[in-house]
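Trainee: Taken in order, these protein sequences are the chains called A and B.
At position 340 of the first sequence the residue is numbered 340 (full-length UniProt numbering), and the sequence of numbers has no breaks.
At position 70 of the second sequence the residue is numbered 70 (full-length UniProt numbering), and the sequence of numbers has no breaks.
What the hints contain is simulated information worked out from the structure, not anything from laboratory work.
There may be inaccurate statements among the hints.
Copies of one chain are not kept apart here, so a pair can be met inside one copy or by any two copies together.
Below are the DSSO-like pairs computed for lysine-lysine, each with C-alpha atoms no more than 27 Å apart in a straight line [unchecked claim]: (1) K58 to K161; (2) K369 to K106; (3) K59 to K84; (4) K106 to K223; (5) K212 to K84; (6) K381 to K369; (7) K120 to K272; (8) K59 to K148; (9) K338 to K223; (10) K223 to K161; (11) K383 to K89; (12) K101 to K388; (13) K161 to K369; (14) K32 to K148; (15) K59 to K239; (16) K272 to K148; (17) K101 to K223.
Protein chains: 2
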Amino acid sequence: MVNASIITIGDELLIGQTIDTNSAFIAQELNKTGVWVKRRVAVGDVYDDIWQALDEEKKRSDIIIITGGLGPTADDITKPLLCKYFGGKLVVNEEVLAHVKYLFEKIYNRPGPILERNMKQAEVPDNCTVLPNALGTAPGMWFNADGKIFISLPGVPHEMKGLITNEVLHRLQETFTMPAIVHETIFTAGQGESAIAELLLDFEAGLPADIKLAYLPSYGMVKLRLTITGVNKMALQEKLQPYYLRLQELVAPFLVSAKDEGLEEVIGNLLKASGKTMGTAESCTGGYIAHLITSIAGSSAYYKGSIVSYANEVKQNLLGVQAQTLQSVGAVSEETVKQMVAGTLERLQVDYAVATSGIMGPDGGTPEKPVGTVWIAVGNKDKTATIKLSLRFGRERNIHLAAMNALNFLRKFILTNS
Amino acid sequence: MVNASIITIGDELLIGQTIDTNSAFIAQELNKTGVWVKRRVAVGDVYDDIWQALDEEKKRSDIIIITGGLGPTADDITKPLLCKYFGGKLVVNEEVLAHVKYLFEKIYNRPGPILERNMKQAEVPDNCTVLPNALGTAPGMWFNADGKIFISLPGVPHEMKGLITNEVLHRLQETFTMPAIVHETIFTAGQGESAIAELLLDFEAGLPADIKLAYLPSYGMVKLRLTITGVNKMALQEKLQPYYLRLQELVAPFLVSAKDEGLEEVIGNLLKASGKTMGTAESCTGGYIAHLITSIAGSSAYYKGSIVSYANEVKQNLLGVQAQTLQSVGAVSEETVKQMVAGTLERLQVDYAVATSGIMGPDGGTPEKPVGTVWIAVGNKDKTATIKLSLRFGRERNIHLAAMNALNFLRKFILTNS
């Protein structure tokens, strides 16, 4: 099997200022083509550390992908280092130069002379294959050395993604005979990792050696991933299929989706299939549910909008929650979220509505309603259902969990009331 | 200087299913106490790979922090490996056992016998110091070996965070004499990385050897970070101060904040200082601006809410956008976002409003209004200002960039109209 290492370069990764999302993307894409990412290493903007990482990873992997350290500013030392590492010299590449000029003049709309540091982006080692970067000034570079492939990419995520998709993947497929990898991921909610594992005890013990089961818990959900590796993709899919189906049966009461997709996609597909619409009324989740739903392309077909009613007066004026309710039982109450659902159904003219109200912390809790208390209601014109959560985390996680629980509650409501 | 390596364990990191946020948190916290994270390595659930990573990182670093691989399911192999690596044997720790029982009975509310796999969480190597995990069943483990410190933590983010904060940091401070590190980060918007770098050419060349400047571009903003390392924190702060102030002067026209904080915090502080309120009307950003603002604790003091008007009828009914406007110039137009601002000011009764309408892609573009066209308006009772963006990325990045531009436009409007 072809192995890869990913080396990410940049002090910002080591002081924790930047979260590394690039590696996940690269790993996903390589994996689909049959390359197994064996290790990911992050090093700082330190010459010797980068050099050492190259030395070590090439001992382990057939492909070494390097991201970061190619920008136009002085803290970027990767290009000269790569040039020296592979024994080349820096020369101006005319095509890259023309592209840099084009970007500055036509796209960035910055007439006038181009800064020398930007012109320098057109310098590349003379012993690499240049990978054109349509979305930025720093080109990708492909080196063949010591029987290994080294690929250097800029760290800006959308530029790196463009290069992986348009330049890197097909070249790797031409260079290596890839094995096949097939994954199937299903996704459950409502049970912890251990309880799910208990259900799958015999199943897991009975898996053949080339099939692997992994548990991926996140935000109250557990994803289960089956992986099989071999030679022929079709044969692997066929071999995996009965295990994939059996897995779905075993966790059926908790199964949300038999695909690796988010709750917001599951709900979107349910609504599209039935031609129904939805809207949201968010207090404590503050627009996060709306954001999740609208992050799906095409969501305007079923999603009309949200009334983010952070202030009580907005709950009254725009959702019609009664002043008396807010006074007697408060905004964080079953009665309030029920009225929020009713207001949403009426004012947004939707088939389904979901509403949240809670105390996300760190302040605002009381002995009766501690931080983490959340009421959720879902409903249609005939029926409303509610649940109460008692979350016990920090603000960010409480918001995520409240949103995920609300979406899952809505999903179940749609399934049983459609 | 004390160096650390972070080893994260789990196939989910190598197939790109999970983005590693743990490392960033650990790096930040270690950094504050004066520990420099030299490398981060991610390896799969593979015995030999984990073992090798331990062998290598201990050659380089004084502290090796390991996360992941401690869960109750069968794909977790770390604990037995660590036990063997350090030559201990697994024994039941009575305190951990009592804690596991407490969690299942009192917190998770799962009466009945506890699963054997959960009871196993109470088994720890007899040669480690147990670090109690208040938030979960898997304890942290602290090993002293070969003159190095090894710390194993669960991969669940909030459990890992609790252990770092409550157990790890003070123990490290007791174990090592830490050097001091001081960072100052400022944050600019409106100019690219190279243009900012050009402004700072002489400044950067004149920095003393112990002060480092880094450029951290993200979403149309550039963060600039100065770092100084030495012995005495007070002396370092004093030495860094004039460079920090000079840096702010040099980028003054583009300076958003002299701290490492988000636009949503900058705006929150402006509004709190003036006792004003705001609301939002979001079409294309779909609640993401509301989410950013409400992610700040205490935002209810100045944020009243949002009308996420994904459907045109919601723009009409809840924001008072005229049907004629939507028909003649469309939802993605200057006139529509102006009316959305007016509707928000009136219906949410706020001092400032910001509105967005655009086409985020991948579908929905036309020759006149291609994907990436976004109109933004901000206003108060006296005045409204608008800008048009032409974004050229994927849906997710377009949403982020539209939100960031809207927030920055609002910030400037508040500064000049308060």
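Trainee: Hint by hint, work out which the structure violates, then give me just those numbers in ascending order.
Mentor: Hints 6, 7, 9, 11, 15, 16 are the ones this structure does not satisfy, whereas the remaining hints hold.
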